[in-house]
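So the sequence lines, in the order shown, correspond to chains A and B.
Plus 28 on top of the position in the first sequence (first one is 1) and you've got this note's numbering.
Plus 1315 on top of the position in the second sequence (first one is 1) and you've got this note's numbering.
Take the hints with a grain of salt, since some may be wrong.
What the hints assert, rightly or not - As a list, the in silico DSBU-like pairs of lysine-lysine whose alpha-carbon atoms are at most 35 angstroms apart: (1) A:K372 to B:K1495; (2) A:K385 to B:K1417; (3) A:K385 to A:K250; (4) B:K1451 to A:K389.
These are computed hints drawn from the structure, not numbers from a lab.
Every value quoted in this text rests on a predicted model; they were computed, and no experiment measured them.
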Amino acid sequence: MSFEPLLTKHVREPNSFTLDFYLQHEGYDGLRKALAMKPEEVIDLVKASGLRGRGGAGFPTGMKWQFVDKKSPNPKYIACNADESEPGTFKDHLLMERNPHLLIEGCAIGCYAIGAKIAYIYIRGEFFHVQQVLERAIDEAYARGFLGKNVLGSGFDCDVYVHRGAGAYEAGEETALLESLEGKRAQPRNKPPFPAVVGLYGCPTAVNNVETLANVPIILMKGAEWYSKLGPEKNGGPKLFCISGHVKRPGVYEAPMTVTLGELINERAGGVRDGRTLKAVIPGGSSVPILLPTQLDTQASFDGVQKAGSLLGSAGIIVLDDTTCMVWLAENLLHFYRHESCGKCTPCREGTDWLYKILRKIERGAGQMSDLDLLTSVANNIAGKTLCAFGDAAVTPVLTTLKHFRHEYEAHIKEGHCTLPADWRARQGVATHP
Amino acid sequence: MSFHPKMTYGAAFHKSARDLDPDRDQGPPFEYTAENRARFDRIVQRYPDAQRRSAVLPALYLVQYQQGHITASAMRYVAGLLGITPADVEDVVSFYSMFYTKPVGRFVLQVCRTLSCALNGAERVTEELSAKLGIKPGETDPSGTFTLIEVECLGACDRAPVVMVNDAWHECLTPGDAAKLVDDLKARGEAALSGCHHVVEKK
Ligand SMILES: Cc1cc2nc3c(=O)[nH]c(=O)nc-3n(C[C@H](O)[C@H](O)[C@H](O)COP(=O)(O)O)c2cc1C
Ligand code: SF4
Ligand code: FES
Chain A
29 MSFEPLLTKH
39 VREPNSFTLD
49 FYLQHEGYDG
59 LRKALAMKPE
69 EVIDLVKASG
79 LRGRGGAGFP
89 TGMKWQFVDK
99 KSPNPKYIAC
109 NADESEPGTF
119 KDHLLMERNP
129 HLLIEGCAIG
139 CYAIGAKIAY
149 IYIRGEFFHV
159 QQVLERAIDE
169 AYARGFLGKN
179 VLGSGFDCDV
189 YVHRGAGAYE
199 AGEETALLES
209 LEGKRAQPRN
219 KPPFPAVVGL
229 YGCPTAVNNV
239 ETLANVPIIL
249 MKGAEWYSKL
259 GPEKNGGPKL
269 FCISGHVKRP
279 GVYEAPMTVT
289 LGELINERAG
299 GVRDGRTLKA
309 VIPGGSSVPI
319 LLPTQLDTQA
329 SFDGVQKAGS
339 LLGSAGIIVL
349 DDTTCMVWLA
359 ENLLHFYRHE
369 SCGKCTPCRE
379 GTDWLYKILR
389 KIERGAGQMS
399 DLDLLTSVAN
409 NIAGKTLCAF
419 GDAAVTPVLT
429 TLKHFRHEYE
439 AHIKEGHCTL
449 PADWRARQGV
459 ATHP
Chain B
1316 MSFHPKMTYG
1326 AAFHKSARDL
1336 DPDRDQGPPF
1346 EYTAENRARF
1356 DRIVQRYPDA
1366 QRRSAVLPAL
1376 YLVQYQQGHI
1386 TASAMRYVAG
1396 LLGITPADVE
1406 DVVSFYSMFY
1416 TKPVGRFVLQ
1426 VCRTLSCALN
1436 GAERVTEELS
1446 AKLGIKPGET
1456 DPSGTFTLIE
1466 VECLGACDRA
1476 PVVMVNDAWH
1486 ECLTPGDAAK
1496 LVDDLKARGE
1506 AALSGCHHVV
1516 EKK
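Only chain A is shown next, with the shape it has when bound in the complex (with noise of 0.2 angstroms):
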């Protein structure tokens, strides 16, 4: 089957983020067909398309916003989840860069089904051109009725404001980013009461990711039905996959979820380079399972990926060649992880540092064989008693190597140096954190 994309077929085209170009290709007629409708049956029919959230979980979204509490009598709030910080995820960049119309829709659309008249757009901070690029498409919207009073003389209001984060990968956690929106540290709160319940200044309020919006316009112009069959049952719709690390051609490529990792991998984005071999994936950001070459065959979709072991969370796929150190390799996530704990709980807070410390010591060489019962102690110490799932997130990278590498581990630990010293590495080793 052909397939043409639906999400980026005109990124590479010059002006394709402006209006004027959205509107030759039937920009804002699924805003159009949306207000035809009642809010019920917008949400009826994202619900039978069968699209899932883009952000991590796969979470499906009209039952999202049909948990969006309809009677409360607070306003209702979409917070759209641009905060884009999962290491090897850039999908979300490249759609408000190049397609800005798209994500400005899908907002106005979330908001007319689940009854809210405010879109914040939560950005993270380092998009700030990505944020002018956005910024001014909203103006566009507004000056022709797309957003605003009455749109499109439809008595339906409208608001799309963008809100600049500041640095903090936990404010991509769907409640952290409430709190910071609501101008606190991007910690999260407990669950329940949910975001649809509690949300934004206590008001219901659906957290939606960028790309999971941008997918609301095309299900009202194709219909529920012919969405949910491009791709493998449960698992519909396009899908954007980022491709990083040791391939020729790093990426964004789009695909129904029916496509393989290795069609991703090998055809898509060239394979690895010349004279170098596969010898691990990280199928969905940072957070996930390692799959391994044998598993080239998994197909790319949530459940797909989940059979084989990992999961597709946010489609970030870091490709790695023969020459990766997996210790080292689990230290460099690791100070991410550190890095990043948000220090709201102990395990999580304490743990991070501690772990990253450990392989810090194995990977310079002066580790123990006593270091990896205590990695695994520590990590299962962190597993599953945090209050967010970075906690589970942040042992990963380190039980799954482990797991699959323990003979490097103990490789650095009997002979004193890393085993796999490869020339795109720092000569002094990363001299700057102690």
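Based on these hints, arrange chain B with the ligands on the given structure of chain A.
Using the frame of chain A, we list chain B with the ligands on its own:
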């Protein structure tokens, strides 16, 4: 109501209302320029009236653009505008990595050090920049022109290794280019940066 008969809650000093470290204040008290004040007034309208606090991040960005970093005096000023305590503001400033509480150089070189960039030589880029500037990550060179820092994944891993310079991007560096970037920045300022490669239009 007080649970302790000898302690009057609410009336006396409370920790969260404490003054920020006065040593950090230098020069006259902070105030927005007229333009920034107007910007602030516009931004605050995006949030419900009772939720002015939501504007704390944008308000702090305005401070940082105005004077380069965030002082205790500026935190008190922002707290006053938003109707929260200086400690509330300090809490936020100290949490988010993009706010500076000390002066930084004219160009802040932020090298992404996370996995996809590291797999493509980010550590070498940091090494080269460090050698060229004679400073370690986290430091500013004596002329006050460059600050070098390592940051975590910037969300552009397909163009690794990425360096962010102030708010702008420079992509696909090799260690050799890194030293050249320093010279180019000195000569041409931010115009020397590659920008985000998705911008296909040439301005
Ligand atoms: C530590 C952590 C970080 C997260 N970061 C992001 C993120 O950067 N972007 C995102 O869309 N979702 C992120 N999520 C998932 C969100 O919590 C939430 O599930 C998602 O925004 C829901 O949107 P969706 O249903 O459209 O996927 C993160 C979750 C956790 C636990
Ligand atoms: S698990 Fe980590 S990131 Fe999540 S709330 Fe606890 S300390 Fe914060
Ligand atoms: S790892 Fe450097 S941008 Fe993602």
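Hints and how they fare:
Proposed proximity of A:K372 and B:K1495 is contradicted: the alpha carbons are some 42 angstroms apart, above 35 angstroms. In summary, the hint linking A:K385 to B:K1417 is supported, as the alpha carbons are separated by about 28 angstroms, within the 35 angstroms threshold. Taking the CA atoms of A:K385 and A:K250, the gap is near 52 angstroms; set against the 35 angstroms cutoff, the hint is violated. For the given pair, B:K1451 sits about 21 angstroms from A:K389 by alpha-carbon distance, which is consistent with the 35 angstroms threshold.
The structure does not agree with the numbered hints 1, 3 stated previously, though it agrees with the rest.
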